[in-house]
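Trainee: The chain contents come next:
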Amino acid sequence: MQRTEVLIIGGGITGAGIARDLACRGAEVVLVEGSDFSNGATGRCHGMLHSGARYAVNDPRSAAECAAENTILKRIANFCIEDTGGLFVSLKNDDLDYADRFLSSCKKTGVAAKEITVQEALKKEPMLSREIVRAFEVPDASVDPFLLTLGNIESAREANGIALNYHSVRRFEIDGGVIDRVIVENLRNGSVEIYKPEIVVNASGAWANKIASLANLSIGMTLDKGSMVVINGRLTNGLINRLRKPSNGDIIVPSYSSSIIGTTSIQVDSPLENKATEEEVDFLIRETAMMIPNIAISRAVRAYAGIRPLCGSDRSTGREISRTFQLIDHSEHGIENFISVIGGKLTTYRLMAEKVSDMVASKLGLSGSCRTAIDPLLSVAKENIHAKIASSIASRIVRKSCLFADEVIQRCTGELRGMEVVCSCEEVLRGEVIYWCNHQDVKELSDLMRRTRAGMGYCQGGLCIFGLLSAMIDNSDRDPMELLVRFIKEREKGVEPVLFRGQLKEEFFKEHLINGVYHLDAYSRGDYEKDLES
Amino acid sequence: MSVTLKTGDCIKCSACNMVCPVVSIDGISGFSGPRNLAVDLPRFFAGRMISSQEIFKCTTCWKCEEVCPSSLPLSDSILRLREMMFDEKTLVEGHKRIVENIDRYGRSIKPQLRERRVYAKREAEVLYFPGCISEMRVTSIFDATVELLEKAGVNFGIPDNWVCCGAPLEKIGDSNRLESLKETNLIKFGSFEEIITSCPGCTTQFLRHYDRDPLHTIEVLWEATKKNRLKFKTPKNNVRVALHHPCHIKRTIGPQIIDQAYDLLQLIPRVKIVELEDPDKCCGGGGGVVAGFSDLALKLAASKMRDACRSGVDLLLAPCPFCVLNLRRANIGKVEEFITFINMYTEREA
Ligand SMILES: Cc1cc2nc3c(=O)[nH]c(=O)nc-3n(C[C@H](O)[C@H](O)[C@H](O)COP(=O)(O)OP(=O)(O)OC[C@H]3O[C@@H](n4cnc5c(N)ncnc54)[C@H](O)[C@@H]3O)c2cc1C
Ligand code: SF4
Ligand code: SF4
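Chains as they are written, first to last, in my numbering: chain A, 1 to 534; chain B, 1 to 350.
Derived from the structure by calculation, the hints contain no laboratory data. Just so you know, these numbers come straight off a predicted model, no measurement behind them. Just so you know, even glycine gets a beta-carbon here, dropped at the ideal spot from N, CA and C. Some hints here could point you the wrong way.
[Said to hold, decoys possible] From the derived model, a few chain B residues whose C-beta atoms are all more than 10 Å from chain A:
1) ILE11
2) ASN36
3) TRP62
4) LYS89
5) VAL92
6) TYR105
7) GLU150
8) THR184
9) VAL239
10) ILE258
11) GLU275
12) LEU276
13) LEU296
14) LEU298
15) TYR345
[As the list claims (entries may be wrong)] Some chain B residues near chain A, calculated using beta-carbon distances under 8 Å:
16) GLY8
17) ASP9
18) LYS12
19) CYS13
20) ASP40
21) ARG43
22) PRO69
23) SER70
24) PHE232
Using the sequences plus the hints, can you model the full thing?
Mentor: This is the structure in structure tokens:
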């Protein structure tokens, strides 16, 4: 049994942010995440660092929060943010009065929006539709949610916090209105670990109600699925938003070598209903192609969906529920040491974490104050390494591996074939993969992917998968076939809704490789040996 | 951006790398191959290419495009990247020379003085564009073509002061100079509807960038034989020949011209045609590689010539001045330009 001051449930951006904040204030924290960090809504979001503009008209509180946090995050977490700027554009038949309301609302909420001429907009974004009639510049940016989360996790660890992935909370033992023990299953080895925390923070996003139910409580919330499509190629320089009442298919976010289009909004019953459908893909391509026509002829690489946990269970639809967050002190409901936080945005995670931490700190009687708006997320500046590697590759590695850039680059230059490109879609080097294979957090091929981007590109693991696998099993007793099957299943789920044109061809080719050559289907059926013989 | 869009349908089968002649010589460590260069590189363009001369090793043989199951414009993509990274200051020696020659003489090579008749006929119906190499290096092509066209009764003229078609400039990415050459030539071309060329490089250039529909000499001669305008002589001895299929005929202006070349050969008695195992294997003569990476071009030429020797032919025939020039550098076996060969065995129909 392990004592700790704070136990945080959930390793999405909210939990990671809280862990960092509290650890930096000197609290003892343990964070447990049931799967990999950022595998919930965080890793399945649109990757937009909101300027607040999207919410200016209908949700002024969210808008103001986003505007303030946007500035802070660009300062403290620039390693995972591409400050591309964004545009809001209205098309011919859009409500033009809305544009005026938009501008005045932005002013009121502190969002820096500025109208530019259509010519200026086309110059900034040559692929924009010629049908646009008005355009506004806003300070939107593209953010890598995996990196932002890992950055917070590592920062918490630097401040002596403990963060464990593949640790799932199973049960609470409650004694006299207090959560006395938390029973956690370690999914790496199936063992059970018992924590005795002074305070439990429920930051489990869409699972918040499920976790609350472990204490016989219930939280009023709505689950809302949003789908996105990854389009190959960076079609825009910055983010493009449709200027209208927030609706579906409004946003294009450039991210690494692709463009992500989204989103939709559909109420669902469980956090596991996170599969994008063909209809959603068609819809998103059609809608966003009105802004960037080339989307219609580009290759759709995969589709994915995330579940928004929205506060409130009233009848309003997903788009109408405020995107601000809610902090619940369950002492009002009879459990003294239990706090839940739900809603919010990736953009506002830091603010949420600050509020939660304030509440926890006052309960614990901690005196330290919040420094997360001031201290850069990563303490070590890593800009100047590595004449040994072409500077553009080095800067990509530095960007991706944050705190570990030194060690990663060491692997690239030191290991045999360390400089070999393993994943050519995302230009990932073998050395990077080797480094992360040996990292305590990495269990699955998909964990490796989240940390290196290998397998995220347009061939969806077609070329790199065996390179990843061989690195993965080199230093461990992990079963290669099991790893492979799990990874491919997960990838297939994302590719299924985009099986047309380029990706259809790709999947046929991969099918031939994976099943025709490597007989993986036979392995899944259980007659691998027989298949090999025949 | 636009490059990625056009090559975005790559499925990573690497069929292109398997057939690339440069990969076969330099290995993937010396030349990363069409997939890497044409598909992946543009995705990470910033900073990465600047130091890389590798992209200039592609011979623009178009073989990769031929096999790509997604029919991606790989060679064009490579040419486009060359254009994007063109910088006069960092040109390799051989490419610098091309640019200097163009600036000084309007030709890609330094002209040599030689006596020749002037063919600028005033009433000519069609225009013959000899191209830099035929006029000044492998001059037999020029002479043979003129003779053959006369035998075939073609009323042709050669414009004064034409300039290089620009194909070598396209290959090194110099689009500005290319544009000005094109302007000059188009004025010379005036009202001529029909243009005949000796060099598949020129033909391709006019077709793709001048918006004209030129004819290669082979096409003109083939037409002439259909109308019985040419008569063929019998060689003294049997000749065993093989036909090299130049990339810029086979895969750009059209494979039908290769068929026509075979038709012509079959009309000459005692010529025995032997088919090479890999007749359209690139000889290394294109893409600016001879000027830029002459060793690489030489190795490709040697490989081709060894194929020819192994097949036991007396002569390898190449219907392209660039191919002839490069193949001869190998100093293995014997190469003759196709038109020159045909000319030796034709006479005017009385
Ligand atoms: C479609 C979509 C698009 C979005 N786009 C944007 C955007 O562009 N910009 C923006 O700012 N915001 C965006 N958001 C919002 C943003 O993604 C979320 O607000 C944010 O990621 C929530 O993070 P979280 O940590 O609260 O939840 P999550 O990331 O879902 O984390 C909860 C974690 O709890 C873990 N967990 C669950 N049960 C247990 C258990 N029993 N034991 C241990 N761990 C458990 C889960 O595995 C999960 O990792 C988007 C959301 C969605 C759904
Ligand atoms: S055009 Fe020829 S030389 Fe160039 S990449 Fe393709 S196959 Fe290789
Ligand atoms: S042949 Fe075409 S599809 Fe295959 S790897 Fe090469 S470019 Fe890609």
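Trainee: Work down the list of hints and note, for each, if the structure agrees.
Mentor: How the hints compare with the structure:
| no. | hint | result |
| --- | --- | --- |
| 1 | ILE11 | 4 Å, violated |
| 2 | ASN36 | 7 Å, violated |
| 3 | TRP62 | 21 Å, holds |
| 4 | LYS89 | 20 Å, holds |
| 5 | VAL92 | 20 Å, holds |
| 6 | TYR105 | 38 Å, holds |
| 7 | GLU150 | 51 Å, holds |
| 8 | THR184 | 31 Å, holds |
| 9 | VAL239 | 46 Å, holds |
| 10 | ILE258 | 30 Å, holds |
| 11 | GLU275 | 32 Å, holds |
| 12 | LEU276 | 31 Å, holds |
| 13 | LEU296 | 23 Å, holds |
| 14 | LEU298 | 29 Å, holds |
| 15 | TYR345 | 49 Å, holds |
| 16 | GLY8 | 4 Å, holds |
| 17 | ASP9 | 4 Å, holds |
| 18 | LYS12 | 5 Å, holds |
| 19 | CYS13 | 6 Å, holds |
| 20 | ASP40 | 5 Å, holds |
| 21 | ARG43 | 4 Å, holds |
| 22 | PRO69 | 7 Å, holds |
| 23 | SER70 | 6 Å, holds |
| 24 | PHE232 | 49 Å, violated |
Hint compliance for this structure: hints 1, 2, 24 are not met, and every other hint is.
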